[in-house]
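*Asks:* These are the residues of each chain, in order.
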Amino acid sequence: MARAAETSTTYMPRALLVAAIVLIVARVAVWAATGQPDSPSQVSSIRWTALEDFKEKEAATRGKLVLYKFCAAWSDPCERLESEVLINHKVSDLANSDFMPVSVTDRLREDGKNTEQTADLQKRYHVFAFPTLVIADASGNTKGMLVGCSSSLATYRFLARAAQTNR
Amino acid sequence: MNNGILKFTLLSACLDKIKLSYIILLGFVVPIGMKLVTYMHGAEESQTFEMLTGKVGVAFILTGLCLGLAGGGSGSQTGKGSEYLPLILTRPITRAEYIITKWATFTLVGGVLAAVQNLIVALIGVAFGEVLSPYVVAGLMLERFLDAAIISAALTLALVAQHWLFQVFAIGAFYVWMMAQTMPPVSVAGPSGVGVDAVALEGTHLMLTLSRLVGELILPTISVYDAANAPNFPYLAIVSYVSTIVIYLVAAIAVINRREFFYGTSG
Amino acid sequence: MQSQIQALSHATAPEPTKCIVVQDLVKSYKRGRVRALLGLSLDIYEGEIFGLIGPNGAGKSTLMGCLLGLLKPDSGSISILGMPPGFLPTRRITGYAPERPDFEGWMTARQFLEYHHMLSGRDRLSRDQEIDALLMRVALPSNVWHRRISTYSRGMLQRLNIAQMLLGQPRLLLLDEPTLGLDPLGVVQVRKVLMGLRETGVTAIINSHQLDEIERLCDRVAFIRDGKICSVQHLNKDREEEYTLKVRWNRDRASDNVADAVAEAAGAAGVCLKELTLSSASFTLAQESAHALLRELISRGVMIEEAVPERTRLEQLFEMGGQNE
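Protein chains in written order, with my numbering: chain A, 1 to 167; chain B, 1001 to 1267; chain C, 2001 to 2325.
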């Protein structure tokens, strides 16, 4: 019977069918096992400076570009950025070596308003979504903007291009 | 795998003038032109460029190849009005063999074209001083093949499953996936609370989240660089990817096995 | 003694082998709303050329589809040389020429046949030879073998269609309107191909509305209507076939005793005069008698303007709805 079925033009390859079933089960199992991480398993090694502690003159002195990270605590893409992209050592090494990383946290939802400094920066760089990475020179001119949680490679290339033009 | 289907699907991609023009234009001229202009004028790479050299670009190339999927090459006739696929299926080949060979050929053609495009674009970047390691470029090229494999599987299923409901779903799902590709995961800034603005914001947020979820469900692609550099082995990404391809292929074979071809006078 | 010999020869004469056995085939569409075949049964023997005729929507194409494994019957059975239609070995011995084949315009004839040759799993080494032989057999001019199919005429496409059907030396051929769109030369070519195949024991089923071709080519013909076989006719070529010939002459130039002349001519030629008017007459005659009749009429001063067969036998069958005469 099996041999007869195999000579039929409408034969369904058994191996493929079994693979499909096994993989569906595996997919569900792996999804259930991994779930959503409560916190990143590793912490990014980027040395972020809080906005209130940041001095633009310092960036000018060091000849570095400023890397602003606009985020919000309630934003899942921001969490993904931290846990999947910024922990990439190439990204973090480049961010630390060629930029002054500054973290800008939006508090509009939690506190009803942001600090004046935060609001000004968001307005200056037309930030409409989180996460947004903005590269600016010491004078505050925009050198690059990356909206959303892109891949590690896209983020690295974004930083590398800006760093290269600054050298 | 059937060598005849493989050979003539490849030939169709090379010898059909319309397909060739479409692939050259959208697959090479536009993205390479954009890359050159970007570097020559010091502009930033646009989102359109990112799409055309990424997964969306692969999808465009494959859609052009697959549409009119018959023959040695491209069309899949319904069996009504003209009889190409029925003629093929009266040959001593299993329908599974037909589907798998078509899928493999589309993957090969789409993957090679997109990988070559990525290579050219990378070389242009390097020529203009961009620092890209061979490891990164190889990863990009491999990623294009992986994209081609899953998109080909989805397109193959969409082309043989002729029921209008499924076609509507497939087209809708494709556009949702493309929407998810146009923008990476993002949260819209703004206050929460009541009011039209808040509703609009939440609606946008929901739309973006849904499009990403649907995209990950129907076309879970793999970012090779991210996967290779992830701190934990990306089990879920890989299992999702492989399982989706296999499910699409099994579904396509099941659909075409059940499909009947009538070409006489109806009613 | 003679009767004993005859009895012996009948006893030892091999029974013709059944190529196709169809039993109680039922097929419907649209969840039973359209009933195409209603318990159709049919036996087709090896080496015979079998015709399928019937009005549109009778179920001929559905039957062909079931024989090709393209349609799945609701019930009943089909056996092709002991195998189901949907089996790979069955597909290997079957050739099919669809009514409306679709060709990839960018292919050449050679490429198209090469493609189907590869699909058939044929030996690569003999490919070129087989393809050349097939193209010559269907009389496709050699100067077009390397031209794109998109430039072909309807007749060339049909020749190519026949050629792909013959790939792999099939034992069973299914042809759907094989002479449609062909010029007279092409029709003769197809006829030659099929008659040649008959001698090698190939079985062919022809679905066609060209009743004169069916009558010429087929050994038997089934009339299908409303999903059932109404009758199966033997088209015995050995027996002289009778048909009706209508002869018309110029009434103004005819003599006064033209009626007598026509009747005399019929008698002299050994044909039956069916109908006589002032300007025409209908005769029932065998194929070979037409020449004699016309000669007799002309010799008696009848100025013939036209002589055409009125209807073929199958046309009569068609008009009677497939009922036996």
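Just so you know, these hints were derived from the structure itself, not from any lab.
All values reported here derive from a predicted model rather than from experimental measurement.
Built from N, CA and C at the ideal position, the CB exists for glycine as well.
Treat the hints with caution; some may be incorrect.
[Stated by the list, open to error] Quick partial rundown of chain B residues pointing at chain C, CB under 10 Å, derived from the structure:
hint: 1; residue: G1004
hint: 2; residue: L1011
hint: 3; residue: T1063
hint: 4; residue: Y1084
hint: 5; residue: R1091
hint: 6; residue: T1094
hint: 7; residue: R1258
[Stated by the list, open to error] Derived Cβ-Cβ restraints for the label pairs, each shown as a range:
hint: 8; chain 1: C; residue 1: Y2045; chain 2: A; residue 2: L17; range: 33 to 43 Å
hint: 9; chain 1: B; residue 1: E1130; chain 2: C; residue 2: A2133; range: 37 to 47 Å
hint: 10; chain 1: C; residue 1: T2017; chain 2: A; residue 2: V22; range: 24 to 34 Å
hint: 11; chain 1: C; residue 1: S2153; chain 2: B; residue 2: E1130; range: 19 to 29 Å
hint: 12; chain 1: C; residue 1: E2046; chain 2: B; residue 2: R1258; range: 50 to 60 Å
hint: 13; chain 1: B; residue 1: Q1167; chain 2: A; residue 2: D53; range: 36 to 46 Å
hint: 14; chain 1: C; residue 1: E2275; chain 2: B; residue 2: R1258; range: 52 to 62 Å
hint: 15; chain 1: A; residue 1: R107; chain 2: B; residue 2: V1131; range: 31 to 41 Å
hint: 16; chain 1: A; residue 1: L17; chain 2: B; residue 2: C1014; range: 26 to 36 Å
hint: 17; chain 1: C; residue 1: S2142; chain 2: B; residue 2: T1182; range: 24 to 34 Å
hint: 18; chain 1: C; residue 1: D2074; chain 2: A; residue 2: P13; range: 40 to 50 Å
hint: 19; chain 1: C; residue 1: Q2287; chain 2: B; residue 2: Q1167; range: 48 to 58 Å
[Claimed, not checked] Interface residues of chain A toward chain B, partial, derived using beta-carbon atoms under 7 Å:
hint: 20; residue: Y11
hint: 21; residue: V25
hint: 22; residue: A26
hint: 23; residue: V30
*Asks:* Please go over all the hints and tell whether each is borne out by the structure.
*Replies:* Cross-check of the supplied hints:
1. G1004: holds (3 Å)
2. L1011: At about 7 Å, which falls below the 10 Å cut-off, the nearest Cβ of chain C leaves the hint on B:L1011 intact, so it holds.
3. T1063: violated (19 Å)
4. Y1084: Hint on B:Y1084: holds, closest Cβ of chain C at ~4 Å, below 10 Å.
5. R1091: holds (4 Å)
6. T1094: Holds: closest Cβ of chain C sits about 7 Å from B:T1094, inside 10 Å.
7. R1258: holds (8 Å)
8. C:Y2045 x A:L17: 33 to 43 Å: holds (40 Å)
9. B:E1130 x C:A2133: 37 to 47 Å: Hint violated: Cβ distance 59 Å, outside 37 to 47 Å.
10. C:T2017 x A:V22: 24 to 34 Å: At roughly 48 Å between Cβ atoms, A:V22 and C:T2017 fall outside 24 to 34 Å, so the hint is violated.
11. C:S2153 x B:E1130: 19 to 29 Å: violated (56 Å)
12. C:E2046 x B:R1258: 50 to 60 Å: With Cβ atoms ~32 Å apart, the hint is violated.
13. B:Q1167 x A:D53: 36 to 46 Å: Violated - the Cβ-Cβ distance for B:Q1167 and A:D53, about 57 Å, lies outside 36 to 46 Å.
14. C:E2275 x B:R1258: 52 to 62 Å: holds (58 Å)
15. A:R107 x B:V1131: 31 to 41 Å: Distance hint for A:R107, B:V1131 holds at roughly 37 Å.
16. A:L17 x B:C1014: 26 to 36 Å: At 34 Å between Cβs, range holds.
17. C:S2142 x B:T1182: 24 to 34 Å: violated (55 Å)
18. C:D2074 x A:P13: 40 to 50 Å: Since C:D2074 and A:P13 have Cβ atoms about 27 Å apart, the given range 40 to 50 Å is violated.
19. C:Q2287 x B:Q1167: 48 to 58 Å: Hint holds: Cβ distance 56 Å, inside 48 to 58 Å.
20. Y11: With Cβ-Cβ at 5 Å, under 7 Å, it holds.
21. V25: Cβ of A:V25 sits 9 Å from chain B, so the hint is violated.
22. A26: holds (5 Å)
23. V30: holds (5 Å)
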